[in-house]
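Visitor: Put the two chains together into one complex; each comes in its own frame, and the hints tell you how they fit.
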Amino acid sequence: MWRKSKFPTRPGHDTLEGVGQTGLLVAVFVLLAATAFGAYRKATDGKVRSVSGSISHLHEPGKITLLQFSSAFCAPCRATRVVCAEVARTTPGVAHLEIDAESQLDTVRALRIRRTPTVLIIAPGGEIVGRAEGALTLAQVRTAIGAVHA
Amino acid sequence: MLDPRGPRFAATITTVVFILVLAFSSAWLALAQAVVFALTAFTRYGPYTLLYRRFVAPRLGPPGELEAPQPVRFAQIVGLIFAILCFLGYLLGAPILGMIAAGFALAAAFLNAAFGFCLGCEVYLLLRRTLNRPPSTDVHQ
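These protein sequence lines are chains A and B, in that order. The first sequence runs 28 to 177 under our numbering. The second sequence runs 994 to 1134 under our numbering.
Pulled out of the complex, with its shape left as it was, chain B reads as follows (with noise of 0.2 Å):
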């Protein structure tokens, strides 16, 4: 279980990190994000988590309620993917998919930050409808 308020704290980091990607269309510093992406979803050593508990935790109160680990993981990778695709559209010379795909990611990254806002309630069912058709048995050929 986790404190809700760090991926609040991570998530306020990331829109930053995606404004200056943006704003200096920097295929490196999108890279630098994938990988705390990576290592916030796959490891316990996400660097904005460890951030969070080694400085702004002890000056917060416990916290009042636990989340789940999976909503946060889901979303690391949403970004992770996107910010692999920002980071390969400005290094391939391709700047609008660059673009594209940070801005993505930063409309997720803020309202998360800004107003809570879960990506896997809202993406993770429509994925799942559209992908997992049934087995058609009504096919008319």
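Isolated chain A, as found in the complex (with noise of 0.2 Å):
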């Protein structure tokens, strides 16, 4: 039956129009889908969730570090790379670590780190205070520093 779609001859009359039309809902869905997530993700992107969590290593102890998850296949990241280390350059007792989360693999299974950028926010202590998904700007990096020293 399906084989028919191969030669499209008499569209209406064969399998091939039930195909089309099928294809079409198709498209129209993912349109849809597509647009609630990349929706949901431009709401959600950057944003600091407070965690609770500690790290023994990778971060600088007495500062506040932004501890950066970043792969090669990623433009966001450079753009996170430089609001976080601008932040770190401007501010005392902040700094910026940024790592190649394939090369820290274990680390990333461990701090369940999905997607790229990632940075989580670390007390000078090693306590994990904050993390966010996704680019952030300059003014949720300095936010989320502010929660750490309330």
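Below 25 Å or equal to it, Euclidean Cα-Cα: the simulated DMTMM-like pairs (lysine to aspartate or glutamate) are: (1) A:Lys69 <-> A:Glu113; (2) A:Lys69 <-> B:Glu1060; (3) A:Lys74 <-> B:Glu1058; (4) A:Lys74 <-> B:Glu1060.
The following label-pair restraints were derived from C-beta to C-beta distances: (5) B:Thr1036 <-> A:Arg116: 35 to 41 Å; (6) B:Val1009 <-> A:Arg139: 34 to 40 Å; (7) B:Leu1043 <-> A:Glu154: 48 to 54 Å; (8) A:Ala112 <-> B:Val1028: 36 to 42 Å; (9) A:Leu85 <-> B:Thr1036: 38 to 44 Å; (10) B:Tyr1038 <-> A:Val55: 30 to 36 Å; (11) B:Gly1057 <-> A:Gln48: 40 to 46 Å; (12) B:Arg1046 <-> A:Ser77: 42 to 48 Å; (13) B:Leu1044 <-> A:Thr134: 39 to 45 Å.
It should be emphasised that the hints constitute simulated quantities derived from the structure, not laboratory data. Only a predicted model underlies this, so the values are computations on that prediction, with no experimental measurement involved. Don't be surprised by glycine CBs; every beta carbon is placed ideally from N, CA and C.
Guide: Shown next as structure tokens:
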């Protein structure tokens, strides 16, 4: 039955039309679902969530560390790097540490890092206090650091 | 380094192409798109990229920022795999496979075009996490 779709001779009289209509429905469904997903991501990307946990390495003791997980195939990681480095440069007591997620897969699994960039905000004592996925803005980083001090 | 608007432009055309692939269940259009993905991933002569450079870029100003080429190449290779699956599905009488592959490719292209979605950021690390398990030292037999 389906094989007829290889030979589109009489649309409307064979299965081609059915397949074509289904195909259009699939296209509409995909576009709607992708729009919802994209809008959700746009709203939540870079949002710093409060988390708890601790890390014994990969932070600068005595400083608030912005620990950024990046990957090679990741343009937003570059934007986030610029933002975090700027904050570290201009704020005393804040360090930025960027690591290639691929090179630390054990840590990535342990911390359940799923996508890049992911930034962990680590208090001077090594407690993980915040976590953000997706590109961060300068304001989002500054707010998160303010929350550590508070 | 790339002008990031180039890949967005290419993704817009790719979105339209996959809507047409789905609407007409067209194996050959999927194959044509596969060739475009391959050219874009492995040469400097991606057809949509050439269109962008020739007709679109001169009308826009210089880019505000530049983008690394690896994320774009990764996305093109993922697109290539889905386009080939789609082509084979329609060609070999498995239109469901064709539709699923075209659906994923459409989702990725549309998200890139409309939201600047970074496919590599989402799936690359997950793949590495899954495929690159460290040699297990605590296997109980």
